[in-house]
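J.: Protein chains in written order, with the working numbering: chain A, 1 to 137; chain B, 138 to 274; chain C, 275 to 411; chain D, 412 to 548.
Check the hints yourself; a few may be wrong.
To be verified - Capping the alpha-carbon separation at 16 Å, the derived lysine to aspartate or glutamate pairs in EDC-like fashion look like this:
(1) D:Lys544 <-> B:Asp191
(2) C:Lys407 <-> A:Asp54
(3) A:Lys133 <-> C:Asp328
Claimed, not checked - So these bits of chain D aren't anywhere near chain C, every CB distance computed over 12 Å:
(4) Arg439
(5) Arg441
(6) Ala450
(7) Ala479
(8) Asp518
(9) Cys521
(10) Lys544
Rather than coming from a laboratory, the hints here were simulated on the basis of the structure.
In this text, all values refer to a predicted model and were calculated from it rather than measured experimentally.
All residues carry an ideal CB built from backbone N, CA and C; glycine is no exception.
Number of protein chains: 4
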Amino acid sequence: MQPAVIILDMANGYHWTPGSYGYELVARIRRLKDAAHAAGVPVVHVNSMRRPSDNLGTRANMSPGTEAAGVIPELHAVDEDTIIYKRFTGGFSHNDLDYTLRTMGVDTVCLAGASTDNCVLWTAGEADQYRYKVAHC
Amino acid sequence: MQPAVIILDMANGYHWTPGSYGYELVARIRRLKDAAHAAGVPVVHVNSMRRPSDNLGTRANMSPGTEAAGVIPELHAVDEDTIIYKRFTGGFSHNDLDYTLRTMGVDTVCLAGASTDNCVLWTAGEADQYRYKVAHC
Amino acid sequence: MQPAVIILDMANGYHWTPGSYGYELVARIRRLKDAAHAAGVPVVHVNSMRRPSDNLGTRANMSPGTEAAGVIPELHAVDEDTIIYKRFTGGFSHNDLDYTLRTMGVDTVCLAGASTDNCVLWTAGEADQYRYKVAHC
Amino acid sequence: MQPAVIILDMANGYHWTPGSYGYELVARIRRLKDAAHAAGVPVVHVNSMRRPSDNLGTRANMSPGTEAAGVIPELHAVDEDTIIYKRFTGGFSHNDLDYTLRTMGVDTVCLAGASTDNCVLWTAGEADQYRYKVAHC
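Work the whole structure out from these sequences, hints included.
T.: Here it is in C-alpha cells:
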C-alpha cells in the first residue's frame with residue numbers, strides 16, 4: 001500500500017477561526033498531517049480555485065495566488081507538501097491530482113478536510129472511479 | 138466564432154534573451170497579444186510546471202511559484218490574462234485549460250509560442266480532439 | 275437551451291421485471307423518452323460496462339456486447355438514440371459522454387434512470403462539474 | 412515491467428487487402444499479437460468509432476457495431492483481447508483505455524498499427540503524458 005493524505009479545502013477563504021463551526025477539525029487534521037510526515041506519507045493540500053471567467057456567482061472567490069486560496073496557518077508549513085487547486089467541487093476536478101498521485105506511485109488516499117458531506121464525499125467518489133483505495137480519516 | 142489566444146511556454150526558465158535562437162518570436166507574440174487585447178479576445182498563457190514527484194530527470198525545473206515558471210517580462214503585464222500550467226508537453230495536459238475555455242465560451246484557439254514542432258504541435262492536436270477550431274498564429 | 279435526455283442503467287442485467295421494486299420507473303422513463311423524441315431532443319442511454327480486467331468482484335457482469343449490458347426492451351427502439359457505456363458509477367466515467375454532448379451542442383442534461391441515490395446522483399455531480407445545467411426528470 | 416500491446420486502427424473500414432499499400436504491416440502485427448499471447452501479454456485493439464452527431468464530414472464512417480469498425484479478419488480471434496474504441500485520432504481519446512490499462516496494472520505500452528505518422532504518433536504522445544513507457548513495435 002502506498003498511501004497519501006489528501007486535505008481538502010482547509011483554506012483561508014473559508015474563515016476557519018477558533019470557536020467557529022467545526023473548528024475542532026483543524027486540530028485533528030494537524031495531528032493527521034504530522035503523523036503522515038512522521039511516517040513518510042506524502043501530504044497533498046487540495047484547495048478550491050476560481051477564475052473570473054468561471055461565472056459561478058457568489059462562489060467566485062479564491063482567485064489564483066490570493067490569500068483566500070491559501071492553506072490556513074494552523075496547517076503550515078506546506079513546503080514539503082504538494083498544493084493542488086481544484087476547479088469545482090471534487091478534489092480531482094480539472095487539475096493534476098490524479099497525474100501527481102500516479103507519479104508518486106500512490107494507490108490509497110486518506111481523505112480529510114471540509115466538508116464531509118460535500119467536497120470530501122465527491123472526492124471519495126472520484127478517487128474510487130480512478131480506482132484508488134479510499135479511507136476517510 | 139469565439140476565439141482565444143493561447144501562448145505556450147514563453148517562460149523565464151527557457152532563457153529567452155535578445156539574440157538567442159528564435160528570440161524574434163517574442164516580438165511577434167507581443168504584437169499578437171496586444172492585438173488580442175485590443176479586440177477583446179482573451180489571452181491565456183500556458184506554461185510548464187513540474188513537481189518534485191514527477192521524476193522527469195532534467196526536465197524537473199519550473200516548480201510551482203518559481204521565477205522559472207513565470208511569463209517572460211516582454212509579455213507582461215499578465216493581470217488581465219489567464220495563466221494556466223500544463224503538466225507535460227501538451228497545453229491541455231492535466232490542467233483546467235479545457236474547462237476554462239469552456240466557461241469562456243471559446244470555440245476557436247489561436248496558438249502561439251514555443252516550440253512549433255513540440256508543445257505547439259501537441260496542443261494543436263489536443264485542441265482538435267476537444268473539437269476547438271485551431272489556428273497557428 | 276439545448277437539452278439532452280440521459281437515461282441511466284436501464285439495462286437488462288438489472289432484472290427490471292413487472293412487479294419488481296421500482297418497476298413503475300420504466301413507464302415514466304418511456305413517457306419521457308417519447309416526449310423527447312417528439313420534441314426533437316436527443317436521447318442518450320448510458321449503461322454500465324465491465325471488462326474482465328476490472329477486478330470488481332461481484333460487479334463484474336455486463337461485459338461488452340452482452341445482453342446484460344443492453345437497454346431493456348420496454349425502452350426500445352434505440353436506433354435513433356445514442357448508446358454510451360460508463361465504466362464505473364458516474365455516467366461520465368471513462369467514456370465519450372462529455373465529448374458526444376459537446377459535439378451535439380448540448381448545454382443542459384435531463385437525467386433519469388437508476389438509481390436516484392447512486393448513479394443518477396453521481397452523474398448529476400459530474401455534469402455539474404462539466405458545467406452542464408442539470409435537471410432530474 | 413507490465414507491458415500491453417496496443418494495436419491501432421486495423422479495422423475493416425480502412426480496406427486492408429492483400430497488395431494494398433502497407434499490407435505487409437498486417438503480417439507483422441499478426442506475429443506481434445501471437446508473440447504477445449504466447450508471453451501472456453494483454454493485447455488491446457483500439458479502433459476508431461464515429462457517431463452521427465460527430466459532424467466530422469467524410470470521416471463519419473465507422474459507427475458503433477458496424478462491420479467497418481471491427482478488427483480485420485487477419486487479426487482474429489479477438490475473444491481473449493480487449494477492444495476499445497477511440498473517438499478521435501489518439502488511442503486514448505475520450506474512452507476507457509487509460510482506465511483499463513490501469514486496472515490491468517500495465518506500465519508499458521507497445522504500439523503497433525496504422526498509421527505510424529498519425530494515430531500511432533498521437534497515441535505515443537498521449538501514453539507518454541499518462542506516463543506509460545512507450546515502445547513502437
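J.: Now tell me if each hint is right for this structure.
T.: Verification of the hints:
1. D:Lys544 <-> B:Asp191: holds (14 Å)
2. C:Lys407 <-> A:Asp54: holds (14 Å)
3. A:Lys133 <-> C:Asp328: holds (14 Å)
4. Arg439: holds (26 Å)
5. Arg441: holds (23 Å)
6. Ala450: holds (17 Å)
7. Ala479: Correct as stated: the minimum Cβ-Cβ distance to chain C is 16 Å, above 12 Å.
8. Asp518: Correct as stated: the minimum Cβ-Cβ distance to chain C is 14 Å, above 12 Å.
9. Cys521: Fine: 17 Å to the nearest Cβ keeps Cys521 (chain D) off the interface.
10. Lys544: holds (19 Å)
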